[in-house]
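Residues per chain are reported as follows:
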Amino acid sequence: MARVFREEYGRAVATLARILGDIDRAEDALQEAFAVATVRWPAEGTPRRPLAWIVTTARNRAIDAIRAERTRSGSEAARHRLLEDTASDELDSLTTETPIPDERLGLIFACCHPSLALDARVPLTLRLVAGLTVPEIGRGLLLPEATVAQRLVRAKRKIRDAAIPIGEPPADELPERIGGVLAVLYLTYSEGYVATGDAGLRRDALAEEAIRLARVLHQLIPDEAEPLALLALMTLHHARRAARTDAAGGLVLLPDQDRGLWDREAIAQGLALVERALRMRRPAGPYALQAAIAAVHAEAERPEDTDWPQVLALYDVLLRVTPTPVVALNRAVALAEVHGPADALDEVEALAELEAMAGWAPLHAARADMLRRLGRPEEAAAAYRRAAELTGSAAQSAFLAARGEALGS
Amino acid sequence: MRYLLLIYGDESAYATATPEDMQNEIAAYGAFSEAITAEGIMRGGEALQLSDTATTVRVREGETLLSDGPFAETHEQLGGYYIVECDTVDEAIGAAKRIPGAQSGSVEVRPIMEFD
Chain A
1 MARVFREEYG
11 RAVATLARIL
21 GDIDRAEDAL
31 QEAFAVATVR
41 WPAEGTPRRP
51 LAWIVTTARN
61 RAIDAIRAER
71 TRSGSEAARH
81 RLLEDTASDE
91 LDSLTTETPI
101 PDERLGLIFA
111 CCHPSLALDA
121 RVPLTLRLVA
131 GLTVPEIGRG
141 LLLPEATVAQ
151 RLVRAKRKIR
161 DAAIPIGEPP
171 ADELPERIGG
181 VLAVLYLTYS
191 EGYVATGDAG
201 LRRDALAEEA
211 IRLARVLHQL
221 IPDEAEPLAL
231 LALMTLHHAR
241 RAARTDAAGG
251 LVLLPDQDRG
261 LWDREAIAQG
271 LALVERALRM
281 RRPAGPYALQ
291 AAIAAVHAEA
301 ERPEDTDWPQ
311 VLALYDVLLR
321 VTPTPVVALN
331 RAVALAEVHG
341 PADALDEVEA
351 LAELEAMAGW
361 APLHAARADM
371 LRRLGRPEEA
381 AAAYRRAAEL
391 TGSAAQSAFL
401 AARGEALGS
Chain B
1 MRYLLLIYGD
11 ESAYATATPE
21 DMQNEIAAYG
31 AFSEAITAEG
41 IMRGGEALQL
51 SDTATTVRVR
61 EGETLLSDGP
71 FAETHEQLGG
81 YYIVECDTVD
91 EAIGAAKRIP
101 GAQSGSVEVR
111 PIMEFD
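Taken in order, these protein sequences are the chains called A and B. For the first sequence, our numbering begins at 1 and goes up steadily by one. For the second sequence, our numbering begins at 1 and goes up steadily by one.
Don't read these hints as lab results, they were simulated from the structure. The reader is advised that the hints may include incorrect statements.
The calculated lysine to aspartate or glutamate pairs, modelled on EDC-like cross-linking and capped at a C-alpha distance of 20 Å, are [to be verified]:
1. B/97 x B/10
2. B/97 x A/168
3. A/158 x B/10
4. B/97 x A/172
5. A/158 x B/87
6. A/158 x B/114
7. B/97 x A/24
8. A/158 x B/85
9. B/97 x B/52
10. A/158 x A/316
11. B/97 x A/173
Residues of chain A clear of chain B, computed beta-carbon distances all greater than 10 Å [stated by the list, open to error]:
12. 66
13. 101
14. 161
15. 162
16. 164
17. 170
18. 173
19. 283
20. 302
21. 331
Pair ranges (Cβ atoms, derived) [to be verified]:
22. A/353 x B/17: 31 to 41 Å
23. B/52 x A/353: 38 to 48 Å
24. A/405 x B/106: 42 to 52 Å
25. B/28 x A/337: 31 to 41 Å
Ideal Cβ positions, reconstructed from N, Cα and C, are used throughout, including at glycine.
Isolated chain A (complex conformation) (with noise of 0.2 Å):
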């Protein structure tokens, strides 16, 4: 049951906010439909379709609510009575056996859109669309409960006090607001798949909400080829999960990974999706290159086998399409393989000189990577120790910092 109000609460909040006019009075419904539905499921059985009964129940709670709110205050029930006029046909007509629309795509993009906080859009997309409690976004965000209640709080009172739409955005804005979109969900996989602070270096069930947030997001805008991408770019770098930590959860890197235990039927799904999405959208966009980039690791049965020169070709793109300093250094790594570190070292040095990046620590573990292989072990594990002290994630610190006292003796 726990596992249905999860599959269903976007879908619910998204037809109950437009109807209600109210993501707050939505929740609230809902949370008292799924308090019913905990009494009379287990004696009453499962009924046909939990989700048209779930939205109704949650209805007919809000019009016991806002009748109830009527008789309190004046000013408010002005609002409802607009409300019940706008929508009353639709409240009224609505019964358990309603096939209800999908309207999570409005929901997603008004989760994630532009006027809300950066730091509000990942806990408020888990909680809307994916259906996950604050406590599970805290214990996958590593934040307070209080902080992300807060942050939650916040970007619903914008989303009313704005009028953010629930809804798509006018067809002019949809690419630029699906990059929004999409970005919300890497950083949410991100944040799962190298997971700052000491809880170990993953944490799978946030990568694996990520993941279906974004075959969600495919199957509603199934024509637009980057969340297709994005897809097939977390399910490949998902496939490599059990292998990139030790027995002691330790960082493991991809050359020196266990390559039998990647998840192959994870990686023909994943290599599958990135030919669909290379197919759909010619120039690739920005996640289907770094997707593709995926596949090529994903198709090497051994380090050595791996294609540098396409992997460096791909880069080569991508940083033409987003000419960041982060692209910058991920070719600088595949320049090494191809050409060899010292011309990737003067690429490297040339990137720390940037003030954004002096504090970035995967450029100084590239770096130190790259003066090992030179012969130039003092250097290297000075670099070590200063990607040890600059990186979030306790697990990749404790890796860093052995590389470069290995050096050292």
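Assemble chain B onto chain A, guided by the hints.
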């Protein structure tokens, strides 16, 4: 819902603007005002004098304190505003991004508190 579109820009540019620059700017704002009037969302708007003409008023413990200039010292100053009436913030953003000042400065979109 009504939204206030606050237009911020670096007003020091006006010191070096040619008469032709000024005419172009006036024409661009005229076109924008006509467009949102035709769309039926225009509820008002004005251009403001330069920010050094401002006086900031504070009352502390019954005493009135006046100081010259705008409240916030930033390199972008409030130069004008529009009030538009839209159903959603997306519509208000859609108007804000067509304001000529958005090209060089920034436009803040603020919902107006409605008391009913």
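Cross-check of the supplied hints:
1. B/97 x B/10: holds, 17 Å
2. B/97 x A/168: The given pair, whose Cα atoms are some 19 Å apart, holds under the 20 Å limit.
3. A/158 x B/10: violated, 29 Å
4. B/97 x A/172: holds, 13 Å
5. A/158 x B/87: Status holds; Cα separation ~15 Å.
6. A/158 x B/114: Satisfied, since the Cα-Cα distance of roughly 15 Å is no more than 20 Å.
7. B/97 x A/24: violated, 30 Å
8. A/158 x B/85: The hint holds at about 18 Å.
9. B/97 x B/52: Roughly 27 Å between the alpha carbons, so the hint for residue 97 of chain B and residue 52 of chain B is violated.
10. A/158 x A/316: Roughly 41 Å separates the two Cα atoms, so the pair is violated.
11. B/97 x A/173: holds, 12 Å
12. 66: holds, 17 Å
13. 101: Nearest chain B Cβ is 20 Å from residue 101 of chain A, so the label holds.
14. 161: Residue 161 of chain A not clear of chain B: closest Cβ-Cβ about 6 Å, inside 10 Å.
15. 162: violated, 5 Å
16. 164: violated, 5 Å
17. 170: violated, 7 Å
18. 173: violated, 7 Å
19. 283: holds, 26 Å
20. 302: holds, 51 Å
21. 331: Non-interface label stands for residue 331 of chain A: nearest chain B Cβ at 33 Å, farther than 10 Å.
22. A/353 x B/17: 31 to 41 Å: Between residue 353 of chain A and residue 17 of chain B, where Cβ atoms are some 37 Å apart, the hint holds.
23. B/52 x A/353: 38 to 48 Å: Given about 40 Å between the Cβ atoms, the range holds.
24. A/405 x B/106: 42 to 52 Å: With Cβ atoms ~49 Å apart, the hint holds.
25. B/28 x A/337: 31 to 41 Å: violated, 52 Å
Violated hints for the displayed structure, listed by number in ascending order: 3, 7, 9, 10, 14, 15, 16, 17, 18, 25.
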